[in-house]
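Protein chains in written order, with my numbering: chain A, 3 to 69; chain B, 417 to 562.
The set of hints was computed from the structure by calculation and includes no laboratory data. Here a beta-carbon is modelled for each residue, glycine too, at the ideal position from N, C-alpha and C. One should not assume that every hint holds.
[To be verified] Listed next, with one range per pair, are the computed distances between beta-carbon atoms: (1) A:44 x B:547: 21 to 27 Å; (2) B:465 x A:68: 24 to 30 Å; (3) B:429 x A:66: 44 to 50 Å; (4) B:487 x A:65: 19 to 25 Å; (5) A:56 x B:434: 37 to 43 Å.
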Amino acid sequence: MLAHRLAMESDWIRADMVEATEFPHLANKYQVFGVPRTIINETIQIEGAVPEPMLVNELLKVLDGQA
Amino acid sequence: MPLLSTKIQADVRKALEEMAGPVKLVMFTQAAQALECEMCAETRALVEEIAALAPAGKLNVEVKDFVADTAAVEAYQVDKIPAIALVGAKDYGIRFYGIPAGYEFSSLMDDIVTVSKGESVLAPATKAAVAKLNQPVHIQVYTTPT
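Next up, chain B with everything else stripped away, as it sits in the complex (with noise of 0.2 Å):
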């Protein structure tokens, strides 16, 4: 049974017939013991149905196991699950963690099109700011699914 109603697969079709370059999902699972991950199936299946939904070929699922794919975690630089690594033109450092459910869904949305544009539609003083930064950053965003 899918997990997005026919309502919301409409709209998510409709958003991303926005996308313009290809994205890829690269989702972090745990495949044996998925106790250990209560929402790591359900977010597996998510991130399928919505890849499912766009424009044929421009959005694609890849599947790591967290435990078995040391160098793709690593790559990644994934330290929870479940995880999904957003990657368009290159790896911008941009991930998910927890099922993308409520606002993160949303953000889900807009983040896959701006991604395929390859383009961060900031303003300008933002990137001029940006532009002067020399040392890594990690910024997390923590939200809730209401």
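Bound-form chain A, shown alone (with noise of 0.2 Å):
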């Protein structure tokens, strides 16, 4: 998966796979309605599959201070 892979690439990044049925309660707090859902510090939050390019423009949001 594209999140563990830059996970490996970076000790700042740390990336879950989250299995949504498990987790109602996250799925709420997240609103998440369609699969798979990408959520970035809390804030920054994706819906659907997320290519490679698209993934690091929303992270470097982060350097940003937006996230």
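Make one complex out of these two single chains by using the hints.
Now the structure itself:
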């Protein structure tokens, strides 16, 4: 999984794959209706499969203080 | 009775033949009060079945108790169970929460092989961008078994 490979590349990154049906309170919290749903630092939320360049763009928002 | 069908066992065995270095699956479960964790026993059984299909000594399982093994819970930053930490040459911060079924299962297989090789296989532009990071990033990907 891309997020896990990003975690391999950087000591700053940790990545979880979460099976939504077992954690309904979290699925609710993050409004998970369609999967996959990617959440970065509790703030950035992306619906659907995310290509590598797009996920990288979102990660860089962390540097900008947007997440 | 095994959780994986004979066909899937063969597929898993074949996939794991690609492993290079050893990988550890650190599984967090709850032994006592198993009622609190619906999928813990099944996840543990699945993880042990998968490990048995890897080349000898390449895939090892450690089982930790979420309630009793507080040091491990803190070290691996696990906050819910069942949890699997996938550890290769080091702990890269790779976690699976919930039973790895469906899409998660193939991700687990891919990740085991990738981690065993110790190379992220990301595009050069991605690596360059990631190198700029200077603060913690926590990515969560929610999926379902279908």
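Okay, the hints, checked on the actual structure:
At about 24 Å, the CB distance of residue 44 of chain A to residue 547 of chain B agrees with the hint of 21 to 27 Å. Evaluation of the 24 to 30 Å hint for residue 465 of chain B and residue 68 of chain A yields a failure: the beta carbon distance comes to about 43 Å. Between residue 429 of chain B and residue 66 of chain A the beta carbon distance is about 46 Å. The supplied range of 44 to 50 Å therefore holds. The beta-carbon spacing between residue 487 of chain B and residue 65 of chain A, approximately 33 Å, falls outside the hinted interval of 19 to 25 Å.
In this structure, residue 56 of chain A and residue 434 of chain B break the distance hint of 37 to 43 Å, their C-beta atoms being roughly 28 Å apart.
Checked against the numbered hints above, the structure breaks hints 2, 4, 5 and satisfies the rest.
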